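S.K.: Protein chains in written order, with my numbering: chain W, 3 to 115; chain G, 21 to 308.
Think of the hints as simulated: they come from the structure by calculation, not from any bench. Treat each hint with caution, since some may be false.
Residues of chain W clear of chain G, computed beta-carbon distances all greater than 12 Å [to be verified]:
(1) Ala16
(2) Glu60
(3) Arg68
(4) Ala72
(5) Phe74
(6) Cys78
(7) Lys80
(8) Thr81
(9) Val82
(10) Ala83
(11) Ala85
(12) Phe88
(13) Pro92
(14) Glu93
(15) Thr102
(16) Ala103
Simulated crosslink set (DSBU-like; lysine-lysine; CA at most 35 Å straight-line) [unchecked claim]:
(17) G/Lys232 to W/Lys22
(18) W/Lys108 to G/Lys172
(19) W/Lys108 to W/Lys22
(20) W/Lys22 to G/Lys137
(21) G/Lys110 to W/Lys108
(22) W/Lys108 to G/Lys95
(23) G/Lys172 to G/Lys110
Partial list, derived from the structure: chain G residues whose beta carbon lies under 7 Å from chain W [what the hints assert, rightly or not]:
(24) Ile88
(25) Pro234
(26) Ile268
Since the structure is predicted, the reported quantities are computational estimates derived from the model, not experimental observations. Backbone N, C-alpha and C fix where the C-beta goes; we use that ideal spot for every residue, glycine too.
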Amino acid sequence: MHEMSLTESIVEIAVETARKEGAERVTRVVVDVGQLSHVEPEALEFCFAAVARGTIVEGARLEVARVPGAGFCSDCGKTVAIAERFSPCPECGGFRVQMTAGDELKVREMEIA
Amino acid sequence: MCSTCGCGQAEIVLDSGKSAGAHAHDHAHDHAHDHDHHHHHDNGAIDYGNGPAGAHAPGVSQERMVAIERDIMSKNDAYARDNRRALAAKGVFALNLVSSPGSGKTTLLARTIEALKDRLSVSVVEGDQQTSNDAERIRATGAPAIQINTGKGCHLDAHMVGHAIETLGPAPNSVLFIENVGNLVCPAGFDLGEAHKVVVLSVTEGEDKPLKYPDMFVAADLMLLNKSDLLPHLDFDVGLCLANALRINPHLQTLVVSARTGEGLSAFVAWIEANAARRAAAMAKGGA
Numbered sequence: 003m004h005e006m007s008l009t010e011s012i013v014e015i016a017v018e019t020a021r022k023e024g025a026e027r028v029t030r031v032v033v034d035v036g037q038l039s040h041v042e043p044e045a046l047e048f049c050f051a052a053v054a055r056g057t058i059v060e061g062a063r064l065e066v067a068r069v070p071g072a073g074f075c076s077d078c079g080k081t082v083a084i085a086e087r088f089s090p091c092p093e094c095g096g097f098r099v100q101m102t103a104g105d106e107l108k109v110r111e112m113e114i115a
Numbered sequence: 021m022c023s024t025c026g027c028g029q030a031e032i033v034l035d036s037g038k039s040a041g042a043h044a045h046d047h048a049h050d051h052a053h054d055h056d057h058h059h060h061h062d063n064g065a066i067d068y069g070n071g072p073a074g075a076h077a078p079g080v081s082q083e084r085m086v087a088i089e090r091d092i093m094s095k096n097d098a099y100a101r102d103n104r105r106a107l108a109a110k111g112v113f114a115l116n117l118v119s120s121p122g123s124g125k126t127t128l129l130a131r132t133i134e135a136l137k138d139r140l141s142v143s144v145v146e147g148d149q150q151t152s153n154d155a156e157r158i159r160a161t162g163a164p165a166i167q168i169n170t171g172k173g174c175h176l177d178a179h180m181v182g183h184a185i186e187t188l189g190p191a192p193n194s195v196l197f198i199e200n201v202g203n204l205v206c207p208a209g210f211d212l213g214e215a216h217k218v219v220v221l222s223v224t225e226g227e228d229k230p231l232k233y234p235d236m237f238v239a240a241d242l243m244l245l246n247k248s249d250l251l252p253h254l255d256f257d258v259g260l261c262l263a264n265a266l267r268i269n270p271h272l273q274t275l276v277v278s279a280r281t282g283e284g285l286s287a288f289v290a291w292i293e294a295n296a297a298r299r300a301a302a303m304a305k306g307g308a
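Using the sequences plus the hints, can you model the full thing?
M.R.: Okay, structure coming up:
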């Protein structure tokens, strides 16, 4: 995935929301990043400060909340925890596991002043 | 990962072959930019640190939390929806070709255009970091092509492609090929508004590519295993490669082709014609 352009989207969403709220600055941004989403939280944090510079988001703290991966196994009919995309079902070893969580990529909330 | 290649806001250069170097943002466009489909939970805002008796001293702002709940990809996805709507309105069947660099996408495309052009109108959007070499190769087949140079960017996004489609103006009921930047990672995550992603893998790349880069093989509907003419010289196991791809994506359709000898290309051409016709029929029925 593409952390730099994702970070640009995060900052854009934060600036837009802050304007709508009449805020002067943003102090904290919380994003949900699924554990299976192929986004490196470290890379997001690395890009965030650089992208936020010169905007009302400058200086804000970025908090990355990891969402654990889960999938539905159509062989055992259960929702199981998965640590890796396309990994076999931990219960039966089958590969027919449809991912149901862990792919999230969203700005959940932010703190404005 | 892209963070290491440093791709940021790409300086996008569109080259239509007529006005070289025309900048992507120089002309007006009518994408719907409003995000009215997003739900802002303004009422769910939680107030932190409310001052005594709600006092609010001028110049001293109070911090508060605002719930947003917005998908980070929403902007790209909104552009992709616009592209899909615009393409559907003209009955254009769009394919997004993705692969690693050097898999033979452009050669494959040129051969496919040669085979298709008597029956269907074809146009091409070419994505590369630099140069308009590929667009020139496509134009040599007689098909109109526009080059997008992404600069530092490692993939095409729906906004760039929207501009390119406007400039290119594909004919009604035609086929549009979008040749993405050679990269087996990032283009998987960016919907461009295409009907299908087609992943091209070549037999010089290793059977385990689908396992190493699963996202791309999940996002694709068709896989072309290219350069089959080289198989006698390699230890490549076609069966193992296809099994790996199907393990990642059980719905993936696969074809073994050679852009050099033309092996399997008639099957790809038939796939395009069948799917384009099916789409046109669905459009006519749905009245969309």
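S.K.: Need the list of violated hint numbers for this structure, in ascending order.
M.R.: Per hint list: 1, 12, 17, 20 violated.
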